[in-house]
Structure formats: C-alpha cells, structure tokens
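Heads up: the protein sequence lines correspond to chains A and B, in order. Heads up: the first sequence is residues 1 to 253, going by UniProt numbering. Heads up: the second sequence is residues 1 to 201, going by UniProt numbering.
Some hints here could point you the wrong way.
[Stated by the list, open to error] Simulated restraints, written as ranges between beta carbons of each label pair:
id	chain 1	residue 1	chain 2	residue 2	range
1	A	D203	B	K194	40 to 46 Å
2	B	E177	A	D245	18 to 24 Å
3	A	F43	B	P106	38 to 44 Å
4	A	F43	B	R18	32 to 38 Å
5	A	D59	B	N60	52 to 58 Å
6	B	W193	A	A241	44 to 50 Å
7	A	S209	B	P20	45 to 51 Å
8	A	P42	B	N60	49 to 55 Å
9	A	A24	B	P106	56 to 62 Å
10	B	R18	A	Q173	48 to 54 Å
11	A	F43	B	W193	26 to 32 Å
12	B	G52	A	R189	54 to 60 Å
[Said to hold, decoys possible] In silico DMTMM-like cross-links for lysine to aspartate or glutamate, where the CA-CA straight-line distance does not exceed 25 Å:
id	chain 1	residue 1	chain 2	residue 2
13	B	K194	A	E58
14	A	K33	A	E170
15	B	K194	A	E106
16	B	K84	B	D14
17	B	K84	A	E90
18	B	K131	B	D75
19	B	K84	B	D191
20	B	K84	A	E84
21	B	K141	B	D75
22	A	K33	A	D169
23	B	K84	A	E87
24	B	K50	B	D126
25	A	K33	A	D163
26	B	K84	A	D88
27	B	K141	A	E231
28	B	K131	B	D146
29	B	K84	B	D27
30	B	K131	B	E177
31	B	K84	A	E231
32	B	K84	A	D59
33	B	K131	B	E104
34	B	K99	B	D126
35	B	K99	B	D125
36	B	K108	B	E196
37	B	K194	A	D59
38	B	K141	B	D95
39	B	K194	A	E90
40	B	K108	B	D191
Honestly, the hints are just simulated from the structure, not real lab data. What you are looking at is a predicted structure, and each value in this text was computed from that prediction instead of being measured. The beta carbon of each residue, even a glycine, is placed where N, CA and C say it ideally should be.
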Amino acid sequence: MTTNTSTPDLHPGRLQWQSAVITAIVPRTARIKSFFLRLPQPFDFLAGQHVDVRLSAEDGYQAQRSYSIASAPDASGEIELAIERLEDGEVSPFFHDIAVVGDEIELRGPIGGYFVWSIGDAGPIVLIGGGSGLVPLVSMIRHRANQRVNTPFVLLASARTWDDVLYRDELLQYAARQDGFQLVLTTTREGARRPGDFERRIDRQMIASMLACLSQTPRQCLVCGSNPFVEAASQALIAAAVNADVIRTERYG
Amino acid sequence: MATRGFGGRRPPRDTAGRIPPGQSATDGFPVLAATPTPYIPLDQWSFTLKVGPRTVATWNWEQFNALPRTQFTRDIHCVTKWTKLDTIWEGVSIDDLLKAAGLEPPTKFTLAHSYGGYSTNVPIDDLTGGKAMVALRYDGKPLEPDHGGPARLLVPHLYFWKSAKWVNGLQFTQRDEAGFWELRGYHMRGDPWKEERFAGD
Ligand SMILES: Cc1cc2nc3c(=O)[nH]c(=O)nc-3n(C[C@H](O)[C@H](O)[C@H](O)COP(=O)(O)OP(=O)(O)OC[C@H]3O[C@@H](n4cnc5c(N)ncnc54)[C@H](O)[C@@H]3O)c2cc1C
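Just chain B, with the same shape it has in the complex (with noise of 0.2 Å):
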C-alpha cells in the first residue's frame, strides 16, 4: 500500500544497491545507547575471552593492542534505520583473537559482554572467516568513548546493535542465549538484509 503524497529520498544510483531496506544512508555518525557513556582509564581496561564461566585469556590493554592487526572498511547499519557507508575501522579480528588464545571455538555461540553491563549474542560462524573485530580505531584515529572507545565489537553485516560498544569480553555459551535487545524483542541474528529488526521478523 503506497501512503499518499510520500515520494521519498533515493539514495544516489551509485550506493542504491549497498542500501537495506527501509535504511538511509547518512553522512553523519549517530550514537545510540541505552546507558550514559563509561569513561574507562586504559590502564584499567582489560579483556576476557572465556568459555561458559571459565576464563580461557585476559588481555590488558598493552597486550591486546600488541596482537596483529587487521584494517575494515564496511557499510554498517543501524536498526533504527541508518546506514553508513564506507567507514574505516582498525582492530584485532576475531581470528586472531582465538590464535592468540590457542582455542577452537568449542560452542556455536557466544555472547559478547561490556563494560556498564551490555550484551549481545552473535553465533560465532559471523565472528569468524574475517568477518568481525575488536576495533580500536575508527577513521584513523582512537576510538570515541561515544562511539564505543577504547573498543567495540565490529560486526558490519549485522545491525548494529550486535557491534557492543565499550566491549571487555567474548564468552562461548551452550546454547544461543539472548543478549541485552534480544531479551527485549529484538531479533537473535539481525541481519539487515533480510530486515531482522525485531523477533518473530
């Protein structure tokens, strides 16, 4: 059903295809959060790689910025419905990670956790073949506390939401336990694509 009088702005021809549906594209970089922005002093930040309870690595922040590095540039996308395109991030994959904890991914899932108590579930399969980071560094520079700083989790092709800001841990979970959104409607996977904003979508 066309709603009346509504022509809408089209993305240019050129970035049309790169565009969700019911996204648009922004030139802008909006922070959403459902909690005031933590300050975390680096010399106190760390970052905890775990197994159901069990602590498999901890990093400081010394040595998670001495693993190898690894260079974005993505189109991301936020469920409440803008997208960015071509923006430039620098961290540690999610590869790497696991390489520099001498671990298989023993479950299919994991949650990731954050500093002021955020969560969210990403299976590990969209963690891995290149495919996500811990990021450090946006646009050629450290990362904004607003924005996620010291680091974020970097999951491009999901929305946003998935990509938890001020991340400080990765824990492997038997089955795919809902993170903070999820528990509140939101959907398990988000894939913008396929327009999985909400459960049941």
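Here chain A stands alone, though its shape is the one from the complex (with noise of 0.2 Å):
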C-alpha cells in the first residue's frame, strides 16, 4: 500500500498496535498467569474476543500471538490476558519467565466477532471450556455478572486437576449466587470435589447430564480449548443431540 509516510493511515476499522504496559502479573494457577494490561488507546471489545501481541528483538525480528480477553468489556481501559506456559513455545515462556510489570507490550484488537456474547444474546447458553479455553468463556460469565442479567449459563469445565481449574474460586462464587450461572467442573487426573461434578474427559453421557441442568435446549454453545479437546466436546454436544447450527468454536491450535 502506498501512503503518506508522515501522515498516520486512519483508515476506518484499522486495527492499529498499541504499547500496553504491563501493571499486574497474577499466577492463576500452577501453567497460567494473568497479565493486566493498560491500553493508551483503549478500544471496546466484546466478550469472546481476541487480541493479538507482537513481541519483537533488538535486530527486528518479530512473532506474533492471538490471545482471547479475560476480562469483561469495560471502561477501566485495562485487559487481563491469561497466558498458559506451553513447554519450548516462543511467545507464552516469555511472559511467564522475562515479562515483568512496567513492560511494553505491543498489541492490537479487537480481533473476532463470531465467538462472542453480548448481553441482549438470549438463552440458554452452554460453555465448555478446557485448560485455557476457559478465558474468551469467563470474559463472558463476568460480563453476564457485571451487567446484572440472569440469561441461564452452565459452564462445563474440564481440567487436569481442581487446582489447575483456571478462575476456579471465583467460578464457584458466582455459582453459589443461584442467579442462573451454573458450573460444572471434571477434572481428568484427580477425583471430583464436588456432587455433580466428573472425574474423566468429556463424553456424551456427561454432555446429556449437563444439558439436563438446563428447562429448555440451548440457544447457543460455545467451546474453547485445544483442537482435541474442541473435537471431542463439539462432537459431544451434536452426539447428544444438539443442533451443529448452534455450535461455535474456538481452537487454540
């Protein structure tokens, strides 16, 4: 494209990088971090998307990530990113291992609007998340909370442990509201806690108990995590049943 060098390119819809800087490093849980990031030019973002970073080295080179929002859509103009550490990875060993507070990060978004709730999106709606697939689906259930409305969630959320449940506690108090949100938890490498909750990987018969939770048939679900993971829930939810028009997915690759 050829431009006007000393003008900046306002084209519309252009997603511009920004530096964030980082003012928050959480340990979520024993793989996963939050880092809350301050945007100088903060954007509105639905619940669901995604941002990409651009990390780049003193000679140029350059990688770049998608990483789903966390937080719900507000105007604190700061997002919460939660970052697993995936063993020899270019991007997430960075964050956790070199990134500190006062950091530049570059960033632009936001990207994706098709695995997304709004508020005025009706119900029924079924989340399944796994590992860090749960990100885009809590940016969700805090908005839901944020915002006051009582649309029926159930969120089923696999793990590997109770510890490695990502926002586990804050999941359960909004689950103990009794306000419509309700939570699901298997944990595949250790026994459930909780009566309701599985020990194994998902599996139509536990898709079927979860949708019994719910009066009507969901209006939407959406499932996050790794392709494996996504494959097997999606596959799931149509073996018990479930239109595949309703389905939305998002893979982590």
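Grab the two chains, each in its own frame, and use the hints to assemble them into the complex.
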C-alpha cells in the first residue's frame, strides 16, 4: 500500500498496534498467569474477542500470537490476558519467565466477531472450556455478572486437577449466587470434589447430564480449547442431539 | 520498538526466506474452525459451480474424482500465525474445473461455499493459472474431516482461511462480496507476504 509516511493511516476499521504496559502479573494456576495491560488507546470489545500480541527482537525479528481477553468489557482501559506456559514455546515462556510489571507489550484488537456473547443474546448458553480455553468464556461469565442479567448459563470446565481449574474460586462464587449460572467441573487426573462434578474426559453422557440442568435446549454452545478437546466436546454435543448450527468453536491450534 | 528481553526463535537459515512476517514454522498441522467438524457421507457429497444464482455444473463424488488430477507441494500460512512448509496435496485444479464445465470466468470475483455455512471470497485471478485446487488428498491420503475433508479449497499463496474446508461450491459474483471471516473484519484478499490479516492492513 502506498501511503504518505508523514500522516498516520486512519483507514476506518483499521486495527492499530499500540504499546500496552503491564500493570500486574497474577499467577492463576501452576501453568497459567494473568497479565493486566493498560491500553494507551482503549477500545470497546465484545466478551470472547481476542488481541494479537507482537514481540520484537533487537534486530527487528517479530513474533505474533493471539490471546483471548479474560476481562469483561468495561471502561477501565485495562485488559486481562491469561497465558498458559507451553514448554519450548516462543511467546508464552517469554511472558512467564521474562516479562515484568512496567514492560511494554505491543498489541492490537479487538479481533474476532463470531466467538462472542453480548447481554442481548438470549440463553440458555452452554459454555465448554478446557485448560486455557476457559479464558474467553470467563470474559462472558464476568460480563453477565457485571451487567446483572440472569441469562441461563451452564459452564462445563475441564482441567487436569482441581487446582488447574482456571478462575476456580471466582467461578464457584458466581455459582453460589444461584442466579442462573451453573458450574460443572470435570477433572481428568483427580477425583471429583463436588456432587455433580465428573472425573473423566468429556463424553456424550456428561454432556447429556449437563444439558439436563437446563429447562430448555441451548440457544448457543461455545466451545474453546485445544483442537482435540474442541473436537471431542463438539461431537459429544452433536451426539447429545444438539443442532450443529448452534455450536461455535474457538480452537487454540 | 524492541520488546525488553525478547530474543525470539529464529527459523533455520535455509527456510528463513519462506516464513512470512509474524509467522512461525510448525511441524504439526493445527486445526482451526469456527464450527464443529461436519462429517459428510461421500454418497451425499456434491460440488456446484454457479454464476450468480444460476447453477452451471454439478458433480457428485464419483464424477468429481474422475476429473483430471493435479499435485501441489506448497507452503501454507494460517492467520493464527503458523506456517507449514512443503505440504503435499492432490486434487482438481480450478483451471481443470472450469474447463470441465466449459466456462470462461464471467466475472473477476468468486465466493467459495462450504458445508456448515462457511464462505470466503477469492478473486478469480488467485484461483486460475495453476494457483489453486479443490484438494481431495493430503500427504498421500484422503483428506481427514478435521482438515476439511472430503474436499477443501486450497489457495496456498493466501492466508489459509481462504482455503475453505468442506467446500461444496464455487460461485462467481459481480462484486467482491465478503465471506464469513471477511464480514468479521478479516482482509478481503489475505496475502501473507503483505501481512493482509485484517481490513485496512
Ligand atoms: C484465537 C486464539 C486465542 C487464544 N487465546 C489464548 C489464551 O487466552 N491463552 C493462552 O494461553 N493461549 C491462547 N491461544 C494460543 C496462543 O496464541 C499460542 O498459540 C500459545 O500461547 C503458544 O504460543 P508459544 O509461542 O508459546 O508456542 P509456540 O512457539 O507457538 O509453540 C507451540 C508448541 O509447539 C511446539 N513447537 C512449535 N514450533 C516448534 C518448533 N519449530 N520446534 C519445536 N517445537 C515447536 C512448542 O514446543 C510448543 O509446545 C490462543 C490462540 C488463538 C488462535
């Protein structure tokens, strides 16, 4: 594209890179930390959207990755990302091992307009997340809680152990309100701790008993996590007679 | 602006020139899709070529498999930042498809359509001249459903969301009509070497 370099390109809808500042780093589980970022140019976003992060080396080499926004849409000018450390990864170990409060991180967003939930979207809503795949779903759950709507939500969260459930205590608190948000946990390497929870990988039977928590068929099912997880969960939904048209997936590759 | 403390993992020197900006090479084959994987029985599969609303040709699985075959070994680039080098595909080139239908491109734009409702727009110049195919086989085997089987569009020189999975039709349009991701802010063309990820890039 040929543009006059002295004037910034203000193409409508253009996603601009900006340098966000890390204001806090909070360990969430053994492998996931939250990074709070202050945006010099705050943007509106929908719960479920993500940002692209760009890291640059001294010689100009750059790496980019996508991270879902964990915080709910609000006017704070800050967003929260929750990043899982992948062994031998290029970007996630940088965040875990090197980044500190005060560092500047380039990012742009919001991105993705399909894997989203807005307060006007009717329920019941089924959310299924594995590991860090809970991140965009938690943004939706926080948004629902902040806006005090009682759209029926049921979240099925899968993790290795009780301590690996991302945002576990916060989710338990929302569930305790009994305002239409229901939480089902399944731990694949540890026994279930609460009545109604599971201790195995997601299957059709588990989905069927989760759907039985709802008084109506789901209007929307949002499934997020690694590809094998998303495949298994979405095929289990279809096997439990959920229409494929209401299932949306976000795969972390 | 350099990011404090970031060194980065460089591609090996011999492949460095093949990795577009912001991408990194992977040995795996990640799967991205906005919907569950549809499983389409081959006896129900068909491919339709349209000009606007008008159908000009339809093939069932058997007829489609009888069309001339083309092989591609290409690098592919996903907008989610991974690049996979030297992927091996077999299928029916768009040139052969148009020839079989006896159709000269009537417009400059197309929309590819898929089972499950996905669509993506690709200018015809990016499909003809040996640039693209409807792929039926990957790495010597029938294409797996989660990678888009039975058949996917393959336009390897554009970001991979243009290579529509579970493809079942190609439609010529008068104007460049936005498809599924293009309606949601992604770039109308998607050239990885120009980093055309989002509208305005
Ligand atoms: C829309 C979207 C939203 C996402 N949201 C989140 C989120 O909220 N939280 C989150 O944690 N993640 C999220 N992800 C995933 C994230 O974008 C990254 O893929 C993830 O953090 C891994 O990046 P990395 O650089 O650490 O690992 P990479 O360097 O990309 O490597 C990934 C894995 O592959 C292996 N590997 C890759 N290349 C090589 C190689 N050449 N040689 C050897 N091994 C290799 C690595 O060992 C590693 O285990 C999201 C992805 C998408 C698409």
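Status of the hints after comparison with the structure:
Separated by about 45 Å at the C-beta atoms, A:D203 and B:K194 satisfy the suggested range of 40 to 46 Å. Between B:E177 and A:D245 the Cβ separation comes to about 22 Å, which falls inside the hinted range of 18 to 24 Å. Checked against the hint of 38 to 44 Å, the pair A:F43 and B:P106 passes, with Cβ atoms roughly 41 Å apart. Taking the beta carbon of each, A:F43 and B:R18 are about 34 Å apart, inside 32 to 38 Å as hinted.
Separated by about 54 Å at the C-beta atoms, A:D59 and B:N60 satisfy the suggested range of 52 to 58 Å. Checked against the hint of 44 to 50 Å, the C-beta distance between B:W193 and A:A241 comes to roughly 46 Å, which is consistent with it. Taken as a hint, the range 45 to 51 Å holds for the pair A:S209 and B:P20, whose Cβ atoms sit roughly 46 Å apart. Between A:P42 and B:N60 the beta carbons are some 53 Å apart, a value that agrees with the proposed interval 49 to 55 Å.
Our hint of 56 to 62 Å for A:A24 and B:P106 holds, since their Cβ atoms are close to 58 Å apart. For B:R18 and A:Q173, the hinted distance range of 48 to 54 Å is satisfied, since their beta carbons lie about 50 Å from each other. A C-beta distance of roughly 27 Å is found between A:F43 and B:W193, which places it inside the suggested range of 26 to 32 Å. Against the hinted window of 54 to 60 Å, the Cβ-Cβ separation of B:G52 and A:R189 comes to about 55 Å, which satisfies the hint.
With a C-alpha separation of about 22 Å, the suggested pairing of B:K194 with A:E58 holds against the 25 Å cut-off. The suggested pairing of A:K33 with A:E170 holds, with an alpha-carbon distance near 15 Å, which does not exceed 25 Å. Taking the CA atoms of B:K194 and A:E106, the gap is near 19 Å; set against the 25 Å cutoff, the hint holds. Proximity of B:K84 to B:D14 is assessed by CA-CA distance (about 14 Å); at most 25 Å being required, the pair is judged to hold.
Proximity of B:K84 to A:E90 is assessed by CA-CA distance (about 16 Å); at most 25 Å being required, the pair is judged to hold. For a cut-off of 25 Å, the pair hint linking B:K131 to B:D75 stands: about 13 Å separates their Cα positions. For the hint linking B:K84 to B:D191, the alpha-carbon distance of about 16 Å falls within 25 Å, and the restraint holds. In summary, the hint linking B:K84 to A:E84 is supported, as the alpha carbons are separated by about 23 Å, within the 25 Å threshold.
Distance restraint check for B:K141 and B:D75: the Cα-Cα separation of roughly 18 Å lies within the 25 Å cut-off, and the hinted pair is therefore satisfied. In summary, the hint linking A:K33 to A:D169 is supported, as the alpha carbons are separated by about 15 Å, within the 25 Å threshold. Simply put, B:K84 and A:E87 have alpha-carbon atoms about 20 Å apart, close enough for the 25 Å limit, and the pair holds. Between B:K50 and B:D126 the CA atoms are separated by roughly 18 Å; this keeps the pair inside 25 Å, and the hint holds.
A hinted pair counts as satisfied when its Cα atoms are at most 25 Å apart, and A:K33 with A:D163 qualifies at roughly 13 Å. The suggested pairing of B:K84 with A:D88 holds, with an alpha-carbon distance near 18 Å, which does not exceed 25 Å. Distance check on the hinted pair: B:K141 and A:E231 sit about 21 Å apart at the alpha-carbon level, within 25 Å; holds. Taking the CA atoms of B:K131 and B:D146, the gap is about 23 Å. The hint holds against a cut of 25 Å.
Our distance criterion of 25 Å between C-alpha atoms is met by B:K84 and B:D27, whose separation comes to about 7 Å. Between B:K131 and B:E177 the CA atoms are separated by roughly 21 Å; this keeps the pair inside 25 Å, and the hint holds. For the proposed pair B:K84 and A:E231, the alpha carbon gap of about 22 Å is at most 25 Å, so the pair holds. Distance restraint check for B:K84 and A:D59: the Cα-Cα separation of roughly 24 Å lies within the 25 Å cut-off, and the hinted pair is therefore satisfied.
Among the hinted pairs, B:K131 with B:E104 is consistent with the structure: their alpha-carbon atoms are about 16 Å apart, no more than 25 Å. Taking the CA atoms of B:K99 and B:D126, the gap is about 17 Å. The hint holds against a cut of 25 Å. A hinted pair counts as satisfied when its Cα atoms are at most 25 Å apart, and B:K99 with B:D125 qualifies at roughly 15 Å. Taking the CA atoms of B:K108 and B:E196, the gap is near 20 Å; set against the 25 Å cutoff, the hint holds.
At roughly 20 Å between alpha-carbon atoms, B:K194 and A:D59 fall within 25 Å of each other, so this suggested pair holds. Restraint check: the Cα-Cα separation between B:K141 and B:D95 comes to about 23 Å, which is no more than 25 Å; the hinted pair holds. For a cut-off of 25 Å, the pair hint linking B:K194 to A:E90 stands: about 23 Å separates their Cα positions. Simply put, B:K108 and B:D191 have alpha-carbon atoms about 17 Å apart, close enough for the 25 Å limit, and the pair holds.
Consistency note: the structure conflicts with none of the earlier hints.
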